Amino acid sequence: MNTRSDTRAGNDALRSAAVSYATLARVFSAPAFLLLVATVVAPVFVVVLISFTDYRLGRLTLNVVGLGNYTRLLSDPFFWGALRNCAIYTAIVVPISVFGALYLAVLLDARRQSRRFYEIVFFLPVTSTLTAMSIVWSYLLNGHIGPLAHLLAGLGLPPVDFFADGTLALIGLSIIGVWHLIGFNLILFLAGLTVISSELKEASALDGMDGFWDRLRYLTWPLLAPTTIVIFVLSCIQAFQVFDTVAVLTNGGPYGATEMLLHKINTDTFTALKAGYGSALTVVYLVLIGTFSLLQVWLGNRKAHF
Amino acid sequence: MARFSVRPILAHAVLASVAFVMIYPFVWMWRASTQAPGEIFGRLNETPPLLASIADNYARALLDSPLPRFMLNGAIMTGGILLVQIVTTVTCAYALAKFEFRGRRLIFAIVLLSLSVPAQATALPIFIVLARFDMLDTYAGVMLPYLTSGFAIFLFHQFIRSFPDEIILAARLDGMSEVEIVIRILLPAMMPALAAFAIFSITFHWNDLYWPMIVIRSVDLAPPTLGLLFFRGQEGGDSFGPLMACATLVTAPLILIFLAAQRRFVQGVTMTGVK
Chain A
1 MNTRSDTRAG
11 NDALRSAAVS
21 YATLARVFSA
31 PAFLLLVATV
41 VAPVFVVVLI
51 SFTDYRLGRL
61 TLNVVGLGNY
71 TRLLSDPFFW
81 GALRNCAIYT
91 AIVVPISVFG
101 ALYLAVLLDA
111 RRQSRRFYEI
121 VFFLPVTSTL
131 TAMSIVWSYL
141 LNGHIGPLAH
151 LLAGLGLPPV
161 DFFADGTLAL
171 IGLSIIGVWH
181 LIGFNLILFL
191 AGLTVISSEL
201 KEASALDGMD
211 GFWDRLRYLT
221 WPLLAPTTIV
231 IFVLSCIQAF
241 QVFDTVAVLT
251 NGGPYGATEM
261 LLHKINTDTF
271 TALKAGYGSA
281 LTVVYLVLIG
291 TFSLLQVWLG
301 NRKAHF
Chain B
1 MARFSVRPIL
11 AHAVLASVAF
21 VMIYPFVWMW
31 RASTQAPGEI
41 FGRLNETPPL
51 LASIADNYAR
61 ALLDSPLPRF
71 MLNGAIMTGG
81 ILLVQIVTTV
91 TCAYALAKFE
101 FRGRRLIFAI
111 VLLSLSVPAQ
121 ATALPIFIVL
131 ARFDMLDTYA
141 GVMLPYLTSG
151 FAIFLFHQFI
161 RSFPDEIILA
171 ARLDGMSEVE
181 IVIRILLPAM
191 MPALAAFAIF
201 SITFHWNDLY
211 WPMIVIRSVD
221 LAPPTLGLLF
231 FRGQEGGDSF
241 GPLMACATLV
251 TAPLILIFLA
261 AQRRFVQGVT
271 MTGVK
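Note that the protein sequences, when read in sequence, are chains A and B.
The first sequence runs contiguously to residue 306 in this note's numbering.
The second sequence runs contiguously to residue 275 in this note's numbering.
These aren't lab readings, by the way, just hints derived from the structure by calculation.
Quantities reported herein were computed from a predicted structural model and do not represent experimental measurements.
One or more of the hints may lead you astray.
[Claimed, not checked] Label pairs and their in silico Cβ distance ranges:
(1) A/Thr23 / B/Ile167: 54 to 64 Å
(2) B/Ser17 / A/Leu34: 27 to 37 Å
(3) A/Thr167 / B/Ser162: 50 to 60 Å
(4) A/Pro254 / B/Arg69: 46 to 56 Å
(5) B/Arg132 / A/Gly100: 28 to 38 Å
(6) B/Val14 / A/Thr167: 57 to 67 Å
(7) B/Pro68 / A/Pro147: 22 to 32 Å
(8) B/Arg161 / A/Pro254: 45 to 55 Å
(9) B/Ser17 / A/Ala164: 25 to 35 Å
(10) A/Gly253 / B/Ser162: 19 to 29 Å
(11) B/Val21 / A/Arg111: 50 to 60 Å
(12) B/Leu136 / A/Val287: 26 to 36 Å
Glycine included, C-beta positions come from ideal geometry on N, C-alpha and C.
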């Protein structure tokens, strides 16, 4: 701005205007800058520092233990358990919600009148308060009361109690995860599909590609693949951050079967007060999410169509 | 002839059945919130009149529980965060987009960096500082880590950068101060971006459970998410209808905003995708 100011003022005036504009710009950006340093940059450094100590919340002293927390972490079965559960949860939720959403988006892209209606319905879970809906889901998936129990009893099948059994509890959380995430991915895919112009679709139809699967395979998919990769990475980030459903429904149980990384960080740090150990876990979490985020930014800048 | 085949019907069948699963929890929540105790799980044979149950459950949710308080807390926190966020991010974005000054690149780098740091990772140090200054269990404590947003700065920066310089110059020649330029020229022009970000921010903070769970101890200050858990813990299974009425009321505001402003809402929430 200041460099291309076209007032008729002299050079001195221009220079002093430039200086005062620079001051002004600093004043304008200072609050955000200071807040970002205080609430993002500094805390990340502090977490890394605390992870080298045996600090406990509420205690006044601490000892430096070097990499002690990290070696402890490597031999902590509960850490590996949490990581494994997170990985399983992600491995279930991400493919279903990404490819499910892709399939639904392709179906929906061809609809004219009903498209708005379906968009609204599929997006509803994304807007909802997950804490409240988790309570609802706890009844929907309950083995003794609720609609699923009625359905199974009606079919003469034995009751399935999702949150009493370890494996099933993880699947139960995954069901809620897919339900919550799929609409979000669907909207991103629909945005990607509109980029593929209708002329292109007509041209492909003239070329004899009028089969649904043909079009999906030779036209839609190649054009949509970069978008899909970004959505995939994005979904991984979301899935790895699973917390609300765990905190509301299982608290990591039964017997740690649904313990997830973020939930373990929370309980170790703020319930068990082991801040040093919790910080080491946080660093692992930070590295995992940070890697995915960088990957997403990198991929997104390269070729995704939204 | 193939056009009339089963394909569209099949597509509709798939879409309709997925739609059913998506919407069923909401329908069930609403129905459960309108039923008398015992009726929900089919144990009750003589059902009381529907309106009486609705009145009973919602009256208990609104009058006998601290739910209105939770909603008020949620509104104060969400609104306060959004307001401060807009003030700090629009000014910063304006400075980054339209001025050349030393430190500009550093600030921009920090903005970009902050995008890949998840909020939960910074919880402990902020918690320690809040404890040190006796700010745990306060509104300010909940709002503090979110008073600015790297994401908003980035978004607004993109927008302001493409805003014509000539208009700003003309305003300056008319004697407007930079603050006036931000308030009277930029903000009105930025309404679409602001609305989309507002929806993103409101959704995130109204639904947030992680941070309030760490900072808030007293029931009086709980936002709706945490309040629901308090309520569930206190009342147990007997007051199922009122619990579902509470859940409905907590979920309602965002769903209503969504239905009222669908396109903008979708835009706002999917911004996390571009983020």
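A quick look at each hint next to the structure:
1. A/Thr23 / B/Ile167: 54 to 64 Å: At roughly 23 Å between Cβ atoms, B/Ile167 and A/Thr23 fall outside 54 to 64 Å, so the hint is violated.
2. B/Ser17 / A/Leu34: 27 to 37 Å: The hinted range 27 to 37 Å is violated for B/Ser17 and A/Leu34, with Cβ atoms some 52 Å apart.
3. A/Thr167 / B/Ser162: 50 to 60 Å: holds (52 Å)
4. A/Pro254 / B/Arg69: 46 to 56 Å: With Cβ atoms ~34 Å apart, the hint is violated.
5. B/Arg132 / A/Gly100: 28 to 38 Å: The hint (28 to 38 Å, Cβ to Cβ) is violated, given that B/Arg132 and A/Gly100 are roughly 47 Å apart.
6. B/Val14 / A/Thr167: 57 to 67 Å: violated (28 Å)
7. B/Pro68 / A/Pro147: 22 to 32 Å: holds (30 Å)
8. B/Arg161 / A/Pro254: 45 to 55 Å: The hint (45 to 55 Å, Cβ to Cβ) holds, given that B/Arg161 and A/Pro254 are roughly 53 Å apart.
9. B/Ser17 / A/Ala164: 25 to 35 Å: holds (28 Å)
10. A/Gly253 / B/Ser162: 19 to 29 Å: At roughly 52 Å between Cβ atoms, B/Ser162 and A/Gly253 fall outside 19 to 29 Å, so the hint is violated.
11. B/Val21 / A/Arg111: 50 to 60 Å: violated (18 Å)
12. B/Leu136 / A/Val287: 26 to 36 Å: holds (28 Å)
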